[in-house]
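As they're listed, the protein sequences go chains Z and R. Residue 1 is where the first sequence starts when you use the numbering used here, and the numbers rise one by one after that. Residue 1001 is where the second sequence starts when you use the numbering used here, and the numbers rise one by one after that.
Treat the hints with caution; some may be incorrect.
Unchecked claim - Here are the simulated DSS-like cross-link-like pairs (lysine-lysine), alpha carbons at most 25 angstroms apart as the crow flies:
id, chain 1, residue 1, chain 2, residue 2
1, Z, Lys314, R, Lys1038
2, Z, Lys76, R, Lys1038
3, Z, Lys314, R, Lys1059
4, Z, Lys66, R, Lys1038
FYI, nobody ran anything at the bench for these hints, they're computed from the structure. Here the structure is a predicted model, which is why all the values come from computation and not from measurement.
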Amino acid sequence: MQLLYHLIEIIVKCVVVFGCLMLCVAYMTWLERKVLGHIQIRYGPNRCGPFGLLQPFSDGIKAFFKEDLIPGRADKVVFVLAPMIAIVTAISIFAVIPFGNQFTIPGTNWVVKLRLADIDIGLLYIFGLASIGEFGIVLGGWSSGNKYGLTGSLRAAAQMISYEVALGLSIIGVIILSQSLRLTEIVNLQAGGFWNWNVWYQPVAFILYIICGLAEINRTPFDMPEAESELACGFNIEYSSMKFALFFMAEYAHMITMAAVAVTLFWGGWQPPLPFLSFIPGVVWFCIKLFIFVFFFIWQRGTFPRLRYDQIMKFGWKILFPLTLVNLLITALVISLKG
Amino acid sequence: MLIEYLAILIYIAIAIGFALFAVVASHLLGQRKRTALKEAPYECGMTTVGSSFRRIPIKYYIIAMLFLLFDIEVVFLYPWAVVFKQMKSFAFISMAVFIGILLIAYIYIWKKGALEWE
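With the hints as constraints, model all of the structure from the sequences given.
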C-alpha cells in the first residue's frame, strides 16, 4: 500500500513538474519577445489576448498545422530523431533540481518532498544529459542535407564541447565546498541567510559558469550555430512545423534548466535570503531567483552583439579554460590551508 | 533509493511521450504536398551545387581531440572534489601534480597553434 502511494505521488509530481516546465517554456517565448520588444522601443506581441498573453498558444497551434516537410536529401531517421533528442534531454535535466522544501498534506502525515529525484550523482546526471542534448543540434544540422545546416551544426559541436570543459571545471569549487554531488545537500549547506550562499565563496566560478552556460545553450553573444547574418538560420534551417518548434522549446527549456542549476549551486536554491523570511514557501523563492536569471538571459541578448566565431573559440580555450583552472587551484589551496 | 531513479524514468518517459506526440501529431495534422522544388535544400534561392556533405575542416577534428583529453581530466576531478575536505593537503598536492602535467600539454598545444583559428 505504501509503495502504491509512493508511486501515485511520483506520477503526480512528474506530471505537475512537466506541465509547469512546459508552461514556463511557452511563456518564456512570450517574455523574450516582449522584453526584447521594449528594449528595442517597440511593443512586442500585443494582439492575442491581453498583453499578447495568448501568443504562445496561437504559435503552438500554428506549428501543429504547418506542413511537415522532410527534405529530399535528408537522412530521414536522424532528421526526425534529432529534435526529439533535443527536447527530451532538455526536459529531463529538470528531474534532479530541488525546487522546494517538503510539506505535509493537510489532514494526513504524508510528507511530499518538492523534488522529483534526489540522487547522489545529481550533478553528473545534469552534465551527462546536457552533453547528450548537444547531439540533437549536431545531428539535426548534419542530417538536413544542407550546407548551412552542416556548417551550423559543426560550429555548434565545436563550440559546445569547448565550453563544456570550462563549464565542468567551473563548478568543481562548489563541489569541494559542499563535498557532494547531491543537489539537495548543496542547497541545504547554503541555508541560513544570503551570506551563506556559494556565490560569495565562489564569485569567479559563478561568472564563469554563466558565461559557459550561455555558450552551452547557444544564446547571444554565443549564438554561432544559428548566426542569421551568415548561415540564414543555421542548424534548424530545413526544419518546419512541430519539429522546428521542438528545437525552439528545447532551447528555452535548456535556458530554464541552466538558470535552475545556477540558482541551486550558487544562489541557495529554494533557501530564503534572510532567515525570518522562511514563512514564505521555498518554491516561491526558487521561482523568484529563477525569474531573475531568465530575465538576465533575455536582457543580455538585447545588449550584446554576436561575437566572431574564431573569437569565441579563442576565448573559450585561451581565457576561460586557464581561468577556471586557476580558480580551482586557488579554491583548493585556500581550503587545504585553512584546516 | 531505487525509487528515486524510478521517478527519473517516469519523467523521461513523459518527455519522450510528449516528443513523439508532437512529431506524430504535426505529421498527421499538417497538409502535405510534395514537390521536387520544395524538397530541394534551401540555399537562399540559388540552385544547389554539388553535395551538401562536403569535407569537414581539420580544425574541428583537432578541437574534438582536445575536448576528449581535457574533459576526461574534468571527470577525474569530480570524485577528487567530493573527498577533498577529508584529505586536504595530500589531495591538493597529488592533484596539483596531475594538473601540472596537463598544463604542460596545454602549453604545448597552444605553442603548436592548435588553438588558432586563422
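Hints, one by one, checked against the model:
The straight-line distance between the Cα atoms of Lys314(Z) and Lys1038(R) is roughly 39 angstroms, outside the 25 angstroms bound, and the hint therefore fails. A threshold of 25 angstroms between alpha carbons decides the hint, and for Lys76(Z) with Lys1038(R) the separation of about 16 angstroms falls inside it, so the pair holds. At most 25 angstroms may separate the alpha-carbon atoms for a hinted pair to count; Lys314(Z) and Lys1059(R) meet this at roughly 13 angstroms. Proposed proximity of Lys66(Z) and Lys1038(R) is supported: the alpha carbons are some 14 angstroms apart, at most 25 angstroms.
Against the hints set out earlier in the document, a violation occurs for number 1 only.
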